[in-house]
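Build the full structure now, drawing on both the sequences and the hints.
Below are the chains, spelled out letter by letter.
2 protein chains.
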Amino acid sequence: MTRAGMVCSGCGKQKPFTYEELTCECGSTFLVDYDLEYVRKTLTQQSIVNRATTMWRYRELLPVQSPQSIVSLGEGWTPLTPIDVSRIPLSIRKLWMKREELNPTGSFKSRGLSVAVSLLKERGIRRAAIASNGNAGTALAAYAGCAGIDSIVFVPEDCPPLIIRECQRYGAHTFRVKGLIQHAGQWVESYKHIFDWTSVSTLREPGRVEGKKTLGFELAEQLGWRLPTVIIYPTGGGSGIIGMWKAFKELRELGFIQGPMPRFVSVQEIGCAPLVRALGKQVDSAEAASPTGMRVPHPPDIVLLLRILKETEGTAVAVSRGEIEEARRMLGNRGISASPEGAATWAGLLRLNEEGWFGQDDQVVLFNTAHALPYETLAGTSNIPLLTNLHDLINTLRK
Amino acid sequence: MTRAGMVCSGCGKQKPFTYEELTCECGSTFLVDYDLEYVRKTLTQQSIVNRATTMWRYRELLPVQSPQSIVSLGEGWTPLTPIDVSRIPLSIRKLWMKREELNPTGSFKSRGLSVAVSLLKERGIRRAAIASNGNAGTALAAYAGCAGIDSIVFVPEDCPPLIIRECQRYGAHTFRVKGLIQHAGQWVESYKHIFDWTSVSTLREPGRVEGKKTLGFELAEQLGWRLPTVIIYPTGGGSGIIGMWKAFKELRELGFIQGPMPRFVSVQEIGCAPLVRALGKQVDSAEAASPTGMRVPHPPDIVLLLRILKETEGTAVAVSRGEIEEARRMLGNRGISASPEGAATWAGLLRLNEEGWFGQDDQVVLFNTAHALPYETLAGTSNIPLLTNLHDLINTLRK
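So the protein lines, in turn, are chains A and B. Its first residue numbered 9, the first sequence is counted upward by one per residue in my numbering. Its first residue numbered 9, the second sequence is counted upward by one per residue in my numbering.
Identical copies go unnamed one by one, so any copy, or any two together, can satisfy a pair.
Pairs of lysine-lysine residues, derived as DSSO-like cross-links and limited to a Cα-Cα distance of at most 30 Å, are as follows: (1) K200 / K407; (2) K49 / K23; (3) K407 / K186; (4) K254 / K318; (5) K257 / K23; (6) K318 / K257; (7) K257 / K49; (8) K49 / K254; (9) K318 / K102; (10) K254 / K21.
Keep in mind that the hints were calculated from the coordinates and are not lab data.
Here it is as structure tokens:
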């Protein structure tokens with residue numbers, strides 16, 4: 009067994025592996041600890057090469073015990089697409105986009121929920137609930153459906169309707185509730201005992217952070233066991249940041265990589281930027297944040313997130329809705345269908361570039377965490393004109 | 009150079025490699041021919057293992073000459089997900105779903121257009137046009153955008169609006185035209201010389217069939233250089249069937265695989281089933297076909313398609329809209345967001361199973377050619393109720 013127990017990310021306290029109760033007395037979060045000596049016996053840079061191209065290629069560093077418990081739809085091992093920086097006036101050396109929209113449920117949330125649902129299966133849990141801004145709900149619905157586990161999804165009232173549709177397609181009971189994600193979270197917590205469901209909300213169980221960790225493993229492997237110098241990540245609950253930071257630490261201890269951690273940059277939207285504020289930066293909050301995965305006013309462990317941003321000499325940046333829209337257009341023209349969160353990483357890149365934050369040797373990774381499509385409304389599509397004559401064709405192409 | 013020239017799939021006539029003019033005097037289609045002796049020098053089962061996990065890992069068997077011309081967004085190498093047949097009363101041995109919705113543009117069309125646009129780049133073409141039922145238009149838009157090539161997409165008037173949205177997102181001039189795909193095709197052909205665009209419609213250029221070929225390469229490699237016994241494919245223009253058939257022939261000549269071809273099964277929708285009719289089967293056509301990629305009343309080379317179905321002892325089957333909807337529900341419950349075309353392969357499987365067409369040793373591959381999302385409308389989403397009290401929650405979960 010490679011999972012050795014839990015370690016508190018704050019005070020270092022240890023305890024045996026647990027499926028729940030991740031909050032330590034000190035207020036910080038317990039994370040899964042591995043027996044790396046044992047891991048090393050089967051997981052080597054050489055042994056990985058011939059494994060299946062899903063995130064389960066790193067199975068020794070994932071907390072699921074038996075292969076029979078793994079619930080997989082082919083998640084992970086998404087492309088890391090190089091982007092030509094010469095076409096844009098960027099003073100960095102290299103740029104990549106990690107294509108997380110190419111996961112089975114159309115977003116990066118496939119990773120965490122594949123592990124979380126596998127842990128539910130391992131324990132014999134029959135019903136799970138989640139508070140989500142959308143994509144995590146979709147992912148729970150899909151993996152739970154696949155495992156024959158009942159799923160209940162609570163989303164904020166303004167959650168994009170097509171995301172709700174996807175949750176329903178996978179068979180989840182899906183509820184819109186008044187307020188924001190923390191209010192959805194209250195429904196999950198309050199009625200836990202009445203309905204006997206297990207919460208898979210952010211940092212309520214160990215699977216989601218561990219699943220997100222594979223983002224870090226893949227980055228390192230896809231770059232030939234080197235790390236980028238900067239990671240720009242759209243941050244809501246922040247389990248991706250925590251996961252990648254943990255991944256790099258584990259890879260370092262295993263001797264797979266050397267050198268410093270990348271600088272972690274959290275991107276948030278003006279109107280809901282708790283990390284940016286906590287770093288003491290001014291945020292113009294005239295604008296309300298849009299219903300995206302970044303809109304998490306109270307991240308479950310903001311202390312750990314801030315520690316990671318500071319320790320790695322990263323930062324947090326808030327971008328506007330207008331900047332996100334412009335970034336989506338720019339990415340579209342490069343052949344990438346970007347979610348608002350994914351586009352926000354591009355907008356954050358441009359903003360920090362303008363501020364002169366990068367060095368010219370920086371190698372930067374962005375994350376397109378989901379497709380544009382689930383966020384789409386049909387506004388304006390009813391009046392896409394019908395082409396009837398050559399004249400109209402000439403006029404449009406001349407524009 | 010591995011591409012040796014063109015060979016007519018009908019009469020066997022040879023000619024040098026051409027970027028256009030694929031129709032032979034005999035009426036059949038010219039396909040790309042490779043110098044397999046030369047290919048063999050660098051492409052081996054061993055050499056492939058360490059290559060990038062995109063469809064370009066088979067680059068010696070793709071017609072693009074220089075690596076600089078390749079326009080890639082990370083297409084191909086999609087998961088082949090095993091489906092548990094014990095949960096369904098199916099009298100076959102094994103079942104897989106090839107997850108083509110996990111391509112960069114959300115559909116299998118990424119493959120063909122990645123090659124087609126690379127060939128445009130190789131030739132220095134600046135403008136391309138396509139007649140499409142939707143997903144091929146999206147793919148042209150994305151790859152052309154990426155290569156800095158102007159793209160013009162013509163779709164039938166009832167094309168799903170979110171697909172048009174995606175085409176526009178990638179920067180394509182997108183036009184709805186009256187009628188079906190052949191009418192869209194008339195726009196492309198009629199105004200070719202006025203606007204100086206190159207057609208990348210089905211079988212107008214060699215790249216799309218060659219790109220689809222990689223579906224066949226991947227199936228073989230992912231199954232450990234064995235082939236399934238049956239392939240069930242949603243068929244419109246049919247370049248996927250032609251592509252996989254060609255792939256298996258090439259792999260056989262290279263000695264990578266042995267044994268018989270899989271039986272190819274074309275799935276179409278009642279209301280537009282030219283292949284099913286051509287095989288002399290009765291089709292109840294009371295229903296009009298829905299706007300999907302299968303709705304191609306006049307496939308460009310139906311003779312070749314029928315030959316492949318007959319030679320491999322396959323068949324063609326027409327399913328109803330109701331069967332497709334039911335199949336989408338069943339796939340959703342297995343964690344797969346399926347397009348109507350992808351669901352149709354599942355519906356076709358159930359239909360043929362009922363007819364007793366399979367042997368109990370059959371190993372069957374289905375194709376989810378695209379996500380459900382692009383086909384989605386928002387009908388009904390405005391009245392997703394807001395959860396306000398425990399009573400409603402109890403009532404819904406009891407149902």
